[in-house]
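Enquirer: What follows is each chain in one-letter form.
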Amino acid sequence: MGADFSALFFGQEGFNACSNGSNVSLQAKPNLGDLPEDCVALILGYFDPPGICKLASMNRAFRGASWADFVWESKLPSNYELLLRKVFDDVPENLGKRQIYERLCRANSFDGGTKRVWLHKRTGGVCLSIASKGLAITGIDDRRYWNHIPTEESRFCTVAYLQQIWWFEVDGEVDFPLPTGSYSVFFKLQLGRASKRFGRRICNSEHVHGWDIKPVQFQLWTSDGQYAASKCFLKETGKWNYYHVGTFVVDSSNASTKIKFSMTQIDCTHTKGGLCLDSVVIYPNEFRERLTHF
Amino acid sequence: MANGENQNPNPNPIEATPGAAARTITLKTADGEIFEVEEAVAMEFGTVKSFFEDDAVSATKPMPLPNVSGSALSRVITYCRRSLEIRSMIPPATSEDATAAEAVQGEGDLEAEKAAKQERKEFEAEFLKDESNEDVKELILAANYLNIKELLDFLCRSVALRIQNKSVEYARKFFGIEGDYTPEEEAQIRQEYAWAFEGVDED
Chain A
1 MGADFSALFF GQEGFNACSN GSNVSLQAKP NLGDLPEDCV ALILGYFDPP GICKLASMNR
61 AFRGASWADF VWESKLPSNY ELLLRKVFDD VPENLGKRQI YERLCRANSF DGGTKRVWLH
121 KRTGGVCLSI ASKGLAITGI DDRRYWNHIP TEESRFCTVA YLQQIWWFEV DGEVDFPLPT
181 GSYSVFFKLQ LGRASKRFGR RICNSEHVHG WDIKPVQFQL WTSDGQYAAS KCFLKETGKW
241 NYYHVGTFVV DSSNASTKIK FSMTQIDCTH TKGGLCLDSV VIYPNEFRER LTHF
Chain B
1 MANGENQNPN PNPIEATPGA AARTITLKTA DGEIFEVEEA VAMEFGTVKS FFEDDAVSAT
61 KPMPLPNVSG SALSRVITYC RRSLEIRSMI PPATSEDATA AEAVQGEGDL EAEKAAKQER
121 KEFEAEFLKD ESNEDVKELI LAANYLNIKE LLDFLCRSVA LRIQNKSVEY ARKFFGIEGD
181 YTPEEEAQIR QEYAWAFEGV DED
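One line per chain: the protein sequences are A and B, in this order. Numbering of the first sequence is given in our numbering, commencing with residue 1 and proceeding in unit increments. Numbering of the second sequence is given in our numbering, commencing with residue 1 and proceeding in unit increments.
Don't take each hint at face value.
Label pairs and their in silico Cβ distance ranges [as the list claims (entries may be wrong)]:
hint: 1; chain 1: A; residue 1: V91; chain 2: B; residue 2: K129; range: 31 to 41 Å
hint: 2; chain 1: A; residue 1: R106; chain 2: B; residue 2: G179; range: 26 to 36 Å
hint: 3; chain 1: B; residue 1: N67; chain 2: A; residue 2: S78; range: 28 to 38 Å
hint: 4; chain 1: A; residue 1: G112; chain 2: B; residue 2: G179; range: 25 to 35 Å
hint: 5; chain 1: B; residue 1: A115; chain 2: A; residue 2: Q99; range: 39 to 49 Å
hint: 6; chain 1: B; residue 1: T78; chain 2: A; residue 2: P36; range: 20 to 30 Å
hint: 7; chain 1: B; residue 1: E126; chain 2: A; residue 2: K260; range: 51 to 61 Å
hint: 8; chain 1: B; residue 1: D180; chain 2: A; residue 2: P92; range: 27 to 37 Å
hint: 9; chain 1: B; residue 1: S69; chain 2: A; residue 2: S252; range: 29 to 39 Å
hint: 10; chain 1: A; residue 1: R106; chain 2: B; residue 2: Y181; range: 18 to 28 Å
hint: 11; chain 1: B; residue 1: G108; chain 2: A; residue 2: W240; range: 18 to 28 Å
hint: 12; chain 1: B; residue 1: Q188; chain 2: A; residue 2: F88; range: 18 to 28 Å
In silico DSBU-like pairs for lysine-lysine, Cα to Cα no more than 35 Å straight-line [to be verified]:
hint: 13; chain 1: A; residue 1: K97; chain 2: B; residue 2: K49
hint: 14; chain 1: A; residue 1: K97; chain 2: B; residue 2: K166
hint: 15; chain 1: A; residue 1: K97; chain 2: B; residue 2: K173
hint: 16; chain 1: B; residue 1: K61; chain 2: A; residue 2: K97
hint: 17; chain 1: B; residue 1: K149; chain 2: B; residue 2: K61
hint: 18; chain 1: A; residue 1: K214; chain 2: A; residue 2: K86
hint: 19; chain 1: B; residue 1: K121; chain 2: A; residue 2: K97
Everything labelled a hint here was simulated from the structure, so no lab data went into it. Yeah, the Cβ is synthetic: ideal placement off N, Cα and C, and Gly gets one too.
Produce the complete structure using the sequences and hints provided.
Expert: What follows is the structure, encoded as structure tokens:
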């Protein structure tokens, strides 16, 4: 039998990390591993979902505890039932809260496949993405200006590519029951058109022009009267960037929030082009730092 | 002798019936130790509270606690007593004495809350400083059995903090767990949880 495992709870890092050769049930002294499942579940509740799942493989008690409904209920957004109804035509019954969380973490489509919604795994925050095909792009039907091109770089498998245009305008809207919180809207854009040649990613920037003359204007409006706007020059050919439109606040999870957004550059003294438009994304505001480059 | 000493001469003694001497409740642990505890402290224990609410039994017969040892109960009582003291540092929202200085009271409350928070932080850090894992486990089981939410939350939170951001191997050693899964079962479980780690969160 291995040495008595009696580490100090707080204090030194270097506890006796000897592996106990004997079976748990033969040990003379009980240890934290013998805690009943409901106590383990309480401990697990302090971890984020990936943390809970990681610890679930420790032993049967941890695995059992990792399924506890009350643990996952606290991770789900408060209006998860509304979310389920929006995303699934037939909401499956008798799902445990853990399964509900897992389902909602997938990028579920709605509005005819032009939009996706998912929970951020670690935080449970709701994220939305509106495909280029779900946006109202001025001139999209004219192949001299815009084309939809297939690409594996988009979660929608296709992006809108602008060759050149005078009047640049992209509008969109989404109506979704977002949980209470504050959110940021971004346009996901790239200057230049990427492709793969001999396994390497190359970027064709032959059409990129006009973005350094005047800035682009971004705006958002919510149905409850919030408004935000920003202006910037598009930069960095060959790289996908998230351009921040603004932030808005949802203060009641019981209603649906309607958000409109737009991106314009309508100074008709110059043309602009060579732009890939992937999507518009809406993320909980806490991710803004990581996404904004400007 | 059971510990019945209140070391802090609290100017605002916690009394169930103002004016009368504090009632005590007698508890008897699994190993036969007898504890006389102030009623206010004992009522922090959910199991004790419901026991005495169910029938208006007088506190003459000691209440048996077959799942709790003397050493654990002693620590639990220390915690609850101190916790009550700290909570009484914050004046209640609706003051019963309508004093003239009520306008000042608001600001004073914030200060008192801050001070209480600090006291609690220091007290909690000190409380678990020299506890071994076995002791902590005993405390968790006792707090669970006695139904003391605040203590249970504190203990579980502390354990979680101890293994946060550490590997599963570390956690296993810390808890003293022998994995009871075969490698095949473990692979299956990891499959079950793969969803939590796969996919791109633009993060």
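Enquirer: Are the hints correct? Go through all of them and say.
Expert: So, going through the hints one by one against the coordinates:
Between V91 of chain A and K129 of chain B the CB atoms are about 49 Å apart, so this pair departs from the stated range of 31 to 41 Å. Our hint of 26 to 36 Å for R106 of chain A and G179 of chain B holds, since their Cβ atoms are close to 29 Å apart. Distance hint check for N67 of chain B and S78 of chain A: the Cβ-Cβ separation is about 36 Å, which falls inside the suggested range of 28 to 38 Å. Between G112 of chain A and G179 of chain B the beta carbon distance is about 47 Å. The supplied range of 25 to 35 Å is therefore violated.
A C-beta distance of roughly 45 Å is found between A115 of chain B and Q99 of chain A, which places it inside the suggested range of 39 to 49 Å. Checking the proposed 20 to 30 Å range against T78 of chain B and P36 of chain A shows it holds: the Cβ atoms sit about 24 Å from each other. For E126 of chain B and K260 of chain A, the hinted distance range of 51 to 61 Å is satisfied, since their beta carbons lie about 55 Å from each other. For D180 of chain B and P92 of chain A, the hinted distance range of 27 to 37 Å is satisfied, since their beta carbons lie about 31 Å from each other.
Between S69 of chain B and S252 of chain A, the C-beta spacing of about 50 Å breaks the proposed range 29 to 39 Å. At about 27 Å, the beta-carbon gap between R106 of chain A and Y181 of chain B stays in the expected band of 18 to 28 Å. Restraint check, G108 of chain B to W240 of chain A: a C-beta distance of roughly 54 Å breaks the suggested window 18 to 28 Å. For Q188 of chain B paired with F88 of chain A, a C-beta distance near 27 Å keeps the hint of 18 to 28 Å intact.
This hinted pair checks out: K97 of chain A and K49 of chain B have alpha carbons roughly 32 Å apart, not beyond 35 Å. Between K97 of chain A and K166 of chain B the alpha-carbon distance is near 26 Å, which keeps this suggested pair within the 35 Å criterion. As the CA atoms of K97 of chain A and K173 of chain B are separated by approximately 30 Å, the hinted pair is consistent with the 35 Å bound. For the hint pairing K61 of chain B with K97 of chain A, the CA-to-CA distance comes to about 45 Å; that exceeds 35 Å, so the pair is violated.
Of the pairs offered as hints, the one joining K149 of chain B and K61 of chain B holds, with about 26 Å between alpha carbons and a cut-off of 35 Å not exceeded. Taken as a hint, the K214 of chain A and K86 of chain A pair is broken in the structure, with Cα atoms around 40 Å apart against an allowance of 35 Å. Our distance criterion of 35 Å between C-alpha atoms is met by K121 of chain B and K97 of chain A, whose separation comes to about 33 Å.
Checked against the numbered hints above, the structure violates hints 1, 4, 9, 11, 16 and 18; every other hint is satisfied.
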